[in-house]
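The whole structure should be built from the sequences, with the hints applied where relevant.
4 protein chains.
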Amino acid sequence: MSDTLNVTPLKASSTAKKGEFLRLGTIEHLDVTKMPGIVQLVDGMKNMAFSARDLARAADIYDRMLRDTECGVILTLAGSLNSAGLKKIFVDMIRNNMVDAIVSTGANIVDQDFFEALGFKHYIAEDRLKSGLFDGELRDCALDRIYDTLIDEEELRICDETTQKIFNELELRPHSSRELVHALGKYLDENGGPKCADSIVYEAYKRDIPIFCPAFSDCSAGFGLVAHYVSRGETRMSWDGGKDFYEITQLKIKNPTTGLLMIGGGVPKNFTQDIVVCAEVLGHDAPMHKYAIQVTVADVRDGALSSSTLKEASSWGKVDVVWEQMVFSEATLALPLIAGYGYHKGGWKNRTAKHWNKVFEDATVGAA
Amino acid sequence: MSDTLNVTPLKASSTAKKGEFLRLGTIEHLDVTKMPGIVQLVDGMKNMAFSARDLARAADIYDRMLRDTECGVILTLAGSLNSAGLKKIFVDMIRNNMVDAIVSTGANIVDQDFFEALGFKHYIAEDRLKSGLFDGELRDCALDRIYDTLIDEEELRICDETTQKIFNELELRPHSSRELVHALGKYLDENGGPKCADSIVYEAYKRDIPIFCPAFSDCSAGFGLVAHYVSRGETRMSWDGGKDFYEITQLKIKNPTTGLLMIGGGVPKNFTQDIVVCAEVLGHDAPMHKYAIQVTVADVRDGALSSSTLKEASSWGKVDVVWEQMVFSEATLALPLIAGYGYHKGGWKNRTAKHWNKVFEDATVGAA
Amino acid sequence: MSDTLNVTPLKASSTAKKGEFLRLGTIEHLDVTKMPGIVQLVDGMKNMAFSARDLARAADIYDRMLRDTECGVILTLAGSLNSAGLKKIFVDMIRNNMVDAIVSTGANIVDQDFFEALGFKHYIAEDRLKSGLFDGELRDCALDRIYDTLIDEEELRICDETTQKIFNELELRPHSSRELVHALGKYLDENGGPKCADSIVYEAYKRDIPIFCPAFSDCSAGFGLVAHYVSRGETRMSWDGGKDFYEITQLKIKNPTTGLLMIGGGVPKNFTQDIVVCAEVLGHDAPMHKYAIQVTVADVRDGALSSSTLKEASSWGKVDVVWEQMVFSEATLALPLIAGYGYHKGGWKNRTAKHWNKVFEDATVGAA
Amino acid sequence: MSDTLNVTPLKASSTAKKGEFLRLGTIEHLDVTKMPGIVQLVDGMKNMAFSARDLARAADIYDRMLRDTECGVILTLAGSLNSAGLKKIFVDMIRNNMVDAIVSTGANIVDQDFFEALGFKHYIAEDRLKSGLFDGELRDCALDRIYDTLIDEEELRICDETTQKIFNELELRPHSSRELVHALGKYLDENGGPKCADSIVYEAYKRDIPIFCPAFSDCSAGFGLVAHYVSRGETRMSWDGGKDFYEITQLKIKNPTTGLLMIGGGVPKNFTQDIVVCAEVLGHDAPMHKYAIQVTVADVRDGALSSSTLKEASSWGKVDVVWEQMVFSEATLALPLIAGYGYHKGGWKNRTAKHWNKVFEDATVGAA
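Sequence lines, in order, name chains A, B, C and D. In my numbering, each residue carries its 1-based index in the first sequence increased by 577. In my numbering, each residue carries its 1-based index in the second sequence increased by 577. In my numbering, each residue carries its 1-based index in the third sequence increased by 577. In my numbering, each residue carries its 1-based index in the fourth sequence increased by 577.
It should be emphasised that the hints constitute simulated quantities derived from the structure, not laboratory data. Treat the hints with care, since some could be wrong.
Copies of the same chain look alike in the list, so a pair counts if it fits in one copy or across any two.
[To be verified] Straight-line Cα separation of at most 30 Å, DSSO-like style, residue types lysine-lysine; simulated pairs: (1) Lys-623 <-> Lys-707; (2) Lys-698 <-> Lys-623; (3) Lys-922 <-> Lys-623; (4) Lys-623 <-> Lys-772; (5) Lys-935 <-> Lys-623; (6) Lys-595 <-> Lys-707; (7) Lys-623 <-> Lys-611; (8) Lys-623 <-> Lys-763; (9) Lys-623 <-> Lys-594.
All of these numbers come straight from a predicted model, not from anything done at the bench.
In structure tokens, the structure reads:
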């Protein structure tokens with residue numbers, strides 16, 4: 578076994594068609610900081626019905642969270658958000674002190690954000706590709722499809738391989754995903770910064786904002802991890818998923834007032850809600866999350882956690898019910914309005930950065 | 578910090594009402610092995626339209642998977658399935674050699690199956706509780722709600738604590754979630770077996786069927802892990818999430834023909850699909866999953882992985898398109914028909930148990 | 578303008594491919610009367626969670642409706658149900674005295690049931706056709722697509738034309754849709770009966786079961802109506818939609834205890850729920866619908882009537898809340914279980930046929 | 578039988594609580610004409626993914642429709658849109674020549690728009706009322722609930738009764754729903770105009786824009802119709818639903834280029850799509866609808882018409898596929914963006930009003 582990944586997809590035989598598939602150009606990220614009209618639109622929705630009213634209330638709760646200077650704001654990300662053009666919104670939230678920690682699927686952070694920071698792009702797929710009937714042809718071109726978006730698998734393999742190289746340089750001990758994502762940010766910083774205008778991993782690194790990926794092996798970095806394990810055998814670092822839960826719970830203990838802005842559900846939602854219970858289990862009297870917003874299209878009737886209401890979470894002692902709001906919408910429509918509202922209302926201007934990564938700098942597991 | 582968890586929920590002050598809330602009795606698990614009529618029903622759906630036809634095709638694909646003796650069958654679980662009464666179906670699949678590995682959310686395995694194996698139950702909630710308006714009262718009674726189902730949080734804390742005790746006894750090294758779930762099974766075996774008729778964790782332990790939980794800290798065992806970490810400091814075991822991905826990929830490499838039966842999406846779906854790519858990345862020419870079925874109500878239009886079609890997965894080189902079928906249904910309606918069909922058609926009778934846990938017994942990471 | 582429809586679709590130029598598209602054969606209707614195992618399956622779902630429990634309760638409510646001999650059972654149909662293979666279930670309900678009136682979209686009754694009674698069939702479409710990418714080719718073959726099902730447009734035009742011929746023979750006065758559907762049944766009866774094994778229109782005609790289509794012009798018969806109007810000018814019959822509402826309200830007034838089995842939502846759902854209010858508006862103290870079941874996948878969060886809960890209907894005074902149940906499922910999965918349960922439990926065996934069409938035989942509008 | 582409706586709901590015994598339920602105030606309608614920032618937001622969504630990109634394309638297609646001066650724009654409405662605060666958007670479309678005909682559920686036109694024109698309002702419901710657990714109390718207060726919105730049933734009865742009075746004055750012949758809605762507009766005009774700032778029925782009346790309600794008896798006016806029938810017996814007017822289909826088809830024949838903006842699905846969607854086929858059936862070579870947009874959350878997998886894709890409609894010869902776009906969103910979020918974009922781009926400024934109601938002024942049925 579060689580020390581590196583096999584970065585050339587075995588099936589990528591037909592590069593001729595590739596250009597044709599990619600001809601519609603790249604995904605461009607929305608910049609809500611230039612759209613002050615969002616405030617008027619959202620305010621107009623306050624006395625409507627259905628999703629409009631819910632969205633207006635969610636935007637108001639986000640603004641309240643930002644004005645509550647005690648409150649630590651945790652953003653959770655699930656679904657293909659960064660590949661969909663929402664990345665700059667998250668970066669602007671980081672830059673403007675509108676978020677204190679991020680809990681995400683690995684894909685949003687590594688396969689999409691770090692991937693773009695390495696200089697790669699996501700591409701607009703033609704409408705007909707959504708049918709799935711051309712996925713064999715895409716496979717031949719080493720193009721991966723996310724519904725209506727394409728990724729160049731050859732570029733993704735370079736992303737995988739880069740994570741392996743970074744992991745190869747780390748201390749030979751268990752690391753939380755927060756530490757591993759931090760290492761990705763450090764890599765960008767030491768290699769000339771991101772090769773794109775905006776990077777979540779890089780901006781969070783510079784501003785000491787922790788990013789947790791509680792299912793970290795389920796992404797591009799998972800390939801890097803496995804390749805590292807295979808090449809190094811027992812003399813290796815590891816991803817310690819239990820440490821993720823330990824660390825984020827410490828944040829809750831140190832900063833009891835918290836608010837959640839959840840995009841999609843999945844593991845990030847549940848994992849973040851659970852830190853209240855975990856703090857209690859460790860003997861701390863942590864209050865429930867004071868604010869909670871979730872944007873989702875998941876249907877509550879399937880009983881899954883992604884769709885479970887924030888009220889339901891209150892039965893578990895996770896989320897308080899005074900300031901909670903679910904918004905039934907696909908994220909690309911709702912998030913620009915909620916985040917744009919929070920930005921242009923300016924409630925964040927009086928916040929002090931929490932620099933939560935610094936909490937862990939001298940921390941020793943077990944010191945609590 | 579004491580060595581053990583704080584197992585009494587701080588808020589559980591009102592036990593008087595508890596009995597009233599639990600008066601509708603317990604969730605009972607469906608036994609499809611006694612329902613041969615399912616075959617006729619499913620066969621009758623083959624020439625209908627919409628979900629009925631899709632379900633009949635999915636059931637047929639499952640039967641084909643079982644008849645293909647080369648094929649390793651991997652079951653993925655997301656959503657609250659065991660608390661919903663589907664547990665015995667999974668146990669019967671294990672007992673009858675209808676599944677070779679399981680990839681699941683932690684909740685299904687620890688909070689629900691292992692929890693019942695410790696002698697606890699899930700309860701039927703009254704219809705009005707679905708509204709969320711009584712979640713404050715439930716909280717006062719230390720009752721957790723999953724849509725229309727209740728869990729006694731005091732019992733769940735005992736489950737949390739039991740996992741801590743088990744982790745406290747393990748070797749001080751990184752463990753895959755497979756090893757940790759195996760330890761739960763061993764615990765049951767050494768303590769008189771499960772205190773309920775059917776347990777996935779126990780049956781899988783007895784039959785060498787690996788169970789992976791790729792987001793293992795996101796469940797009851799996560800609390801056990803954190804409590805272990807806090808009490809033991811640096812002299813502790815850890816959950817090594819990267820090892821999960823390494824191990825399951827080894828299964829794909831050793832048994833190239835695979836089929837997936839996916840209930841819900843989430844991390845289990847993506848993680849399991851990715852092992853094809855991981856094998857390739859490690860230099861092995863692993864074929865795509867030959868068979869794939871997914872039961873879900875997730876809407877493809879949100880672009881998330883839970884809802885992404887199996888055709889889309891083929892663009893990533895994960896799933897072959899000849900024998901794939903998605904079924905649009907909540908799992909409690911579709912799974913009894915698919916699994917019951919597979920059982921009563923008897924295709925599994927000619928299968929040899931793969932005992933995949935034995936693959937890892939002498940395995941050293943990096944030996945591949 | 579000639580007296581008849583232009584029955585040859587203008588675009589149907591390519592009949593060569595037609596056979597190829599139709600090669601997968603015809604939709605076959607499920608016969609639940611031969612599947613007694615359904616009872617055991619549904620009973621097993623009673624103590625599960627989510628849709629399974631809801632479905633079991635819905636089936637129980639249907640059985641209760643049938644055992645309540647005072648109760649008039651009204652079936653409402655929306656969605657492409659008969660083209661999907663559910664037709665025989667409805668016919669068996671008629672034959673076994675399990676339904677007293679039907680309120681439906683026109684398509685289910687005319688384009689699908691009457692169409693098959695004329696000797697035509699629905700066809701199974703290949704999976705790839707669902708993508709929509711071949712709809713241009715289908716158009717060239719005069720094949721109409723309903724998701725995964727095909728209809729021969731040339732045959733559908735004959736259905737349109739047949740309705741025109743029937744309308745041409747009617748009295749020159751306003752007719753309710755009930756009278757018009759009755760005329761279709763009479764036509765079948767006078768022309769040798771249906772050319773298929775089972776016909777809703779025919780069986781309902783023979784058993785005096787009224788069928789209302791409150792948006793009757795929105796179906797194949799709408800073309801027949803317009804062609805009749807165009808060819809006859811002012812000397813013509815008409816479809817009097819107000820008379821529909823008048824007539825069905827009379828049924829509620831004469832038989833105050835009613836139960837609803839609603840498949841899908843749409844106009845049939847709302848129209849039927851409204852008869853309670855209409856009776857009250859006319860000065861009668863009609864009770865709310867005593868039993869109500871709805872099978873639907875519509876999402877309550879869009880605020881539309883199709884998805885509105887049966888509890889919401891109680892605020893309007895339409896549906897009582899003691900025996901109501903919504904089931905979140907696509908109809909082809911849920912209806913066979915609900916109807917099969919009702920059939921095999923045999924509660925209908927003590928019912929006396931209501932022959933509601935006879936209520937109108939001597940009725941004069943305004944006589945109430 | 579008296580000549581008028583029983584306008585006092587029998588169950589409305591508890592008016593004391595009514596004020597409490599209505600304390601959150603009234604639904605207010607969004608005014609997108611004052612929000613030019615919508616253009617920038619929608620333009621920024623063009624190169625994103627998922628619903629954002631789809632919405633941007635839909636908005637662009639609407640703009641193209643308006644710039645195509647040959648094109649007759651038909652708006653279809655299903656779902657509770659006017660009660661949700663979208664009414665002013667539709668009125669602004671009428672005032673600014675952005676729509677030529679409307680096909681709607683009766684509820685949007687009569688129960689909601691005409692209702693408000695009579696001086697009544699819709700009310701914001703508290704969040705807890707969505708649970709359905711207070712619907713009995715609402716019933717006691719004669720308050721009707723639409724998800725998160727309340728209507729005063731006593732006011733709605735006045736609306737019902739007003740339609741009866743209007744119908745009592747009409748010529749004793751069959752009327753299309755277009756004629757009946759026109760009569761409602763005329764009533765408003767002759768009685769001092771609407772008692773609210775904006776009325777669809779009134780503005781459409783003043784500008785000769787036809788409004789069709791193809792299931793007209795399924796709304797407040799249905800009660801008026803039945804009361805008229807009961808009080809007048811055979812000497813009465815009637816709603817002739819077949820004439821609706823005849824009339825709207827005449828529009829297609831006279832103005833072959835058409836575009837559809839569909840909000841929700843239901844009967845309005847299907848009915849309007851069908852006019853292409855109806856024109857052909859009558860021997861005219863009408864082109865398919867050239868442009869088509871649909872905003873819906875309905876799931877395509879249930880096979881119902883509401884959710885069927887616009888590509889599927891092309892197999893039926895109804896909708897061309899070059900300029901079609903579905904948007905997966907609840908209407909209150911998507912419509913303001915689409916309509917606001919169309920308004921502020923100003924494509925409508927070069928359109929000439931079509932005054933389609935004038936087509937019917939001298940028309941005699943059968944004259945085609």
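Checklist entry - Is it within a copy, between copies, both, or neither that the alpha carbon of Lys-623 lies no farther than 30 Å from that of Lys-763? => result neither (43 Å within a copy, 33 Å between copies)
Item to check | 30 Å Cα threshold - placement of Lys-623 relative to Lys-935 | outcome: neither (39 Å within a copy, 39 Å between copies)
Item to check | Intra/inter-copy verdict for Lys-922 and Lys-623 if alpha-carbon distance must be at most 30 Å | outcome: both (15 Å within a copy, 25 Å between copies)
Item to check | Copy assignment of Lys-623 with Lys-707, given that the CA separation must stay at most 30 Å | outcome: between (35 Å within a copy, 17 Å between copies)
Checklist entry - Are the CA atoms of Lys-698 and Lys-623 at most 30 Å apart within a copy, between copies, both, or neither? => result between (37 Å within a copy, 16 Å between copies)
Checklist entry - Is it within, between, both or neither when you check Lys-623 against Lys-772 at 30 Å Cα-Cα? => result Between copies only: 23 Å across, 40 Å inside.
Next on the checklist: My question is about Lys-595 and Lys-707: at a cut-off of 30 Å on alpha-carbon distance, are they close within one copy, between copies, both, or neither?
Outcome noted: Result: close both inside a copy and across copies, 17 Å intra and 26 Å inter.
Next on the checklist: With identical chains, the pair Lys-623 and Lys-594 could be close in the same copy or across copies; at 30 Å between alpha carbons, which is it: within, between, both, or neither?
Outcome noted: between (49 Å within a copy, 24 Å between copies)
Next on the checklist: Treating 30 Å as the Cα threshold, decide for Lys-623 and Lys-611: within, between, both or neither.
Outcome noted: Both: 22 Å inside a copy, 16 Å across copies.
The structure fails to meet hints 5 and 8 from the earlier list, while all remaining hints are met.
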